[in-house]
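Q: Residues per chain are reported as follows:
Number of protein chains: 2
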Amino acid sequence: MSLQEMCEEREKCSFNTRELTYFLDGGKDKTLELEEMMTSFERDPIFKVPTYDLSWKEQREMSFKRITRMVPFLSLDGEEKFNKRMGLLAIIDGATYTRLGVHFGLFTQTVRALGTPEQFTHWCVDKGGLKCSKFFGCFGMTELTHGSNVAGLQTLATYDEDDGCFLIHTPHLGATKWWIGGAAHSATHCVVYARLIVKGKDYGTKNFVVQLRDVNTHELLPGIAIGDIGKKMGRDGIDNGWIQFTHVRIPRFNMLSKYTSVDDEGNVSKPKFAEQLGYTALVMGRVTMVYDSYTTGKRFITIALRYAAMRRQFGNDGTGKEKKIIDYTHHRRRLFPLLASVFALNASSAEVEAFQKKAQESVLSGDMDKALPNLKDLFALSAGMKAFGTWETCKIIDEGRQSCGGHGYSGYNGFGQGYNDWVVQCTWEGDNNVLSLSCGRALIQNYLALEKGEKLGDYSKYLANYASTFELKTSQLEDIEQIISAWEFISQNLVKKATTSYKNFLKASGNQEDAFEKVSSNRFEIAKIHTKLITLKTFYSRVQKAKAEIKPVLTLLCQLYALSITVENIGQLYSFGVITGSDFTQQVNFKIDEINEKLRPDIVGITDSFNLSDFFIASQIGKKQGGIYEEYFSFVNSQTGKEQIPYYYETVFKPYLHRSLEQNDNED
Amino acid sequence: MSLQEMCEEREKCSFNTRELTYFLDGGKDKTLELEEMMTSFERDPIFKVPTYDLSWKEQREMSFKRITRMVPFLSLDGEEKFNKRMGLLAIIDGATYTRLGVHFGLFTQTVRALGTPEQFTHWCVDKGGLKCSKFFGCFGMTELTHGSNVAGLQTLATYDEDDGCFLIHTPHLGATKWWIGGAAHSATHCVVYARLIVKGKDYGTKNFVVQLRDVNTHELLPGIAIGDIGKKMGRDGIDNGWIQFTHVRIPRFNMLSKYTSVDDEGNVSKPKFAEQLGYTALVMGRVTMVYDSYTTGKRFITIALRYAAMRRQFGNDGTGKEKKIIDYTHHRRRLFPLLASVFALNASSAEVEAFQKKAQESVLSGDMDKALPNLKDLFALSAGMKAFGTWETCKIIDEGRQSCGGHGYSGYNGFGQGYNDWVVQCTWEGDNNVLSLSCGRALIQNYLALEKGEKLGDYSKYLANYASTFELKTSQLEDIEQIISAWEFISQNLVKKATTSYKNFLKASGNQEDAFEKVSSNRFEIAKIHTKLITLKTFYSRVQKAKAEIKPVLTLLCQLYALSITVENIGQLYSFGVITGSDFTQQVNFKIDEINEKLRPDIVGITDSFNLSDFFIASQIGKKQGGIYEEYFSFVNSQTGKEQIPYYYETVFKPYLHRSLEQNDNED
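Protein chains in written order, with the working numbering: chain A, 430 to 1097; chain B, 430 to 1097.
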């Protein structure tokens, strides 16, 4: 019966779902490539083993088994395709994705980005890094007392001029490397972030390759102490560990020296734009996380929407059955805007990835004066999109789970593990709050630059078109360009206001840090509004280029996204007089309900367009055929024991329930 | 060093923390009682066993062991004190709390509330229910296809006039009892919700006691099929299961018959207010969850704030050290309003508990005309406070975790398990969204009643004082009474507006359900505003009665709560013209920063007032003495293996990393 109901849902769809898949994937060839890779995961027995019952220690073993299945593809696929494969792995096994990503994404990419070609060849080719042959790398950045403040790390790399070596040393407990993925079990080598000390002078944090273990025996090398940091909220497949160094001597060659280098006499040389040059490569981590926000988001919104299209509760659908929960106004209101967000994340991830490439190329071209405005924009944009993108996906998983009621809490429907694995994305590679405040600071700095007549980058130049008034009418609520204009107006005004406040505080205290600190709430707010505005603009401009047959559904989704961010931040529209009167809010809400009604027939079709097989959905209530009860029930029975009497019955249960009720001497 | 820093933090505190504890606990005697109970948990070896490494199956065993340590206290403590003890258990072990709560809170309380005195005596005394002697009860309400819609449950209880028995039957897969805590391992008996069918007539859902297992062998009785529903997001210590009944015959005596009863000839009798009479007792679950929101909230905000008071990152505190993260404007902004929320939850939980007692007494007094307005209010108030209270605690745990950076993600700092255990509170005992919409519907119904000149209950009667305009000035932002008046004005206007819209839709469609459906977004909004307003009023009125020495700090917290809900919903103030201009928002933000600055010296003192020992805090970075690094490091080392080579090294790791790189025949 559920099969038939799902077929009926599909028949309602107004567009060719395959075309929408091509749009989302960036073309038919990309879709076919992804499908082939998805099949290779599904066929691999190691990826079929269920992990629900594994302890955190067993998960680490399983994760390494899966790593062995991934490694060969790096040479088979080539780098670009392998990254797509990694993106698929991220959807089904966040731990393995990260554990391997630390080696391939962090270790080898750092050696490539910050090391000389000889250094890359040495570790990644000759020593076996790229093939994981007698080699596994880890990334030794964070310490027990330092995470966000990388410049404040405490591990020391002291140059010994006598023998031309560095001494890597952990001077106190707080400098213990902490959270290092791969350190506890796997890593043979580590890129260590440590303060370069030459002739008593501190040159700040640089990068050094340190071997941790004997590659033949896997025993720790002298001076290296390592421990496991144990149980985590999620991603237990990663063997995060801590590392302490006691005067570990490494050759001068082991300092990554593409930009900063030390000669044998201890002279330190550093090019003018060393930070910026290193930065564009390292920002890739954030860019990837916007993409992961999209793919993880589409998995969980699919589960929630398919369940909503099959689950009935209360009411009457007109045929005597209870009403589908997807047909409740409020249920749509909870989920459809998040569906629109997934499309917005798709657009912004493609946009920020392209912009990263553009900025990197302009840096490589060497004309830094020309490259700098876009580099600043890349910093603000990638920070904002990483922060608000990963948060949005938290919301999608959490609201998705709640929207599935009790079944959302089952371990077999994906949300719990999915949430636990996901949320660390808000913390690593730049804490979301710290990134948001940085983004806000960059916007104020942009505005100060603008006031001085300087040129702004591609994504902040709209700040220059300052208008003093703007009015949005309820009749314009379907006009995305008007809504974009309204939010540009708000963003301009908010950034201007924040800059004015900053300047006033600066005048009063004379201290820049203090003045920025005082406008913290402004900084957070402008980062949010700016990021959502750019996301909306990006989404809208991509919709314009879509094929005619999918343009209507994309336009509805884009309208919904525009109105969702509008209603979420509606106070700002009122405060700047863009709208007036309590009816406006009411009309926005009714308009959202109206768009949801129009989107309703297409919902299941849209989830199909996301093109994740049941294997990738990995949820008993989110399957394509919609058998939310039969298959769920039979799956639960396949997972759990058939024994009616618990294994602790004789030892714990029976002795208590069948205890004598005669009083012991201590009882009265 | 950290010890000394924490001492310095405590020295800054402006009030006697002990007095604030008494205020929160409701008096010194209550505090002493709680402390004695906390000590008894801490001394019990079974509660000392760490559970980090247990699989979900092992957690079920541990949970039952802990249950055996709790049961004796029911007779030793008496019911009221035992409930307090259960409240403490909820903080440290949500699974065991619920598993035992299903028996004591749901099974026995339902038999008490809906059964006759003879029925209570039979199962709870004679058969051993109250002592868990050869008896463990469970609560068979939800089914695979029905959760929220209790009236739509499908299990059948068909009366057989020939032998005076009921036949309990699961007619199809969807009617399988699902999520039944205790069913999989422990329960001997179950209160089954089933449709009463007499002579072919369906009388709707009633309650029946059904024995599930032989009390001596623990084997399932004939006609009973049970399975384990397996892995969950959290609370794996509960043995949730599914139950299917195949024509299970039970005596007529087993239908709980305090209100509705069937005589031996099949005549069904039911008093006029059966639902309302049964309801006041069953609403206790929600009331308890507001209290649990408070206690769990205070645990996690304590961890986050103590960590913030010890952790340093970036900047300079003036003494050459990095700045404490608690001294960043934005970090305060993230946590201090949540601290204020914990105080608001303390107030609202006491208020709703008292109101439940009052309503129950007025029902028992028999004058239903007098009792009904407050019963309606109790319904709306407990629904709203359960929903927005449990959500607030989700936010406290989530924001608390994020505010601790990477360390928040460690399994040993409490947030992960805490979140996983907590969030089901948003789903069970009434899904939060369903409850919010019901609360909104009740408010519209109240307004309709008001328009007809009917009397409203204690908490909704403010709706009658309708004003057409209200102005709030920036100079009044510290005046809580003015802010309360502003939100009363908004709530009145929103409820009026929702009612008007409802009436218009009703006029157009003639269908009440349809009209209520159309105003869903209004219903959700008025439920939120009404609940937060009542919470603020309650908080404020309790602060007025506090001792002089703690009144200043409580007033700051209450101001902060008032401004937090104001800024979160500021669009409403603009939309009704209560405030104007973008400066207002800016001023509210600056005022919040200012209050946070005033609260700052008292923060650690406030966490002390919550009076949870390190055992109850159960977080390495949240301990009273503040040794966030040393103790955390040594704890991690005590939990994890010292072996440097992973247990799968020989079987998995070495064979792969040391594989031959000679090509296999399939490779080119």
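Hints were generated in silico from the structure; no laboratory data involved. Some hints here could point you the wrong way.
Where chains are identical, the list cannot tell them apart; a pair therefore holds if satisfied intra-copy or between any two copies.
Claimed, not checked - In silico SDA-like cross-links for lysine to any residue, where the CA-CA straight-line distance does not exceed 25 Å:
no. : residue 1 : residue 2
1   : K1020     : A977
2   : K1027     : T446
3   : K486      : T1069
4   : K902      : I999
5   : K1083     : T550
6   : K824      : D860
7   : K925      : E910
8   : K752      : D860
9   : K936      : I1074
10  : K510      : D555
11  : K510      : T550
Q: For each hint, tell me whether it holds in the structure or not.
A: We went through each hint and held it up to the structure:
no.: 1; hint: K1020 - A977; in the structure: within (24 Å within a copy, 51 Å between copies)
no.: 2; hint: K1027 - T446; in the structure: within (17 Å within a copy, 57 Å between copies)
no.: 3; hint: K486 - T1069; in the structure: both (21 Å within a copy, 10 Å between copies)
no.: 4; hint: K902 - I999; in the structure: both (13 Å within a copy, 20 Å between copies)
no.: 5; hint: K1083 - T550; in the structure: between (66 Å within a copy, 24 Å between copies)
no.: 6; hint: K824 - D860; in the structure: both (17 Å within a copy, 17 Å between copies)
no.: 7; hint: K925 - E910; in the structure: within (22 Å within a copy, 34 Å between copies)
no.: 8; hint: K752 - D860; in the structure: between (43 Å within a copy, 17 Å between copies)
no.: 9; hint: K936 - I1074; in the structure: neither (75 Å within a copy, 59 Å between copies)
no.: 10; hint: K510 - D555; in the structure: within (23 Å within a copy, 70 Å between copies)
no.: 11; hint: K510 - T550; in the structure: within (22 Å within a copy, 70 Å between copies)
Hint compliance for this structure: hint 9 is the single one not met.
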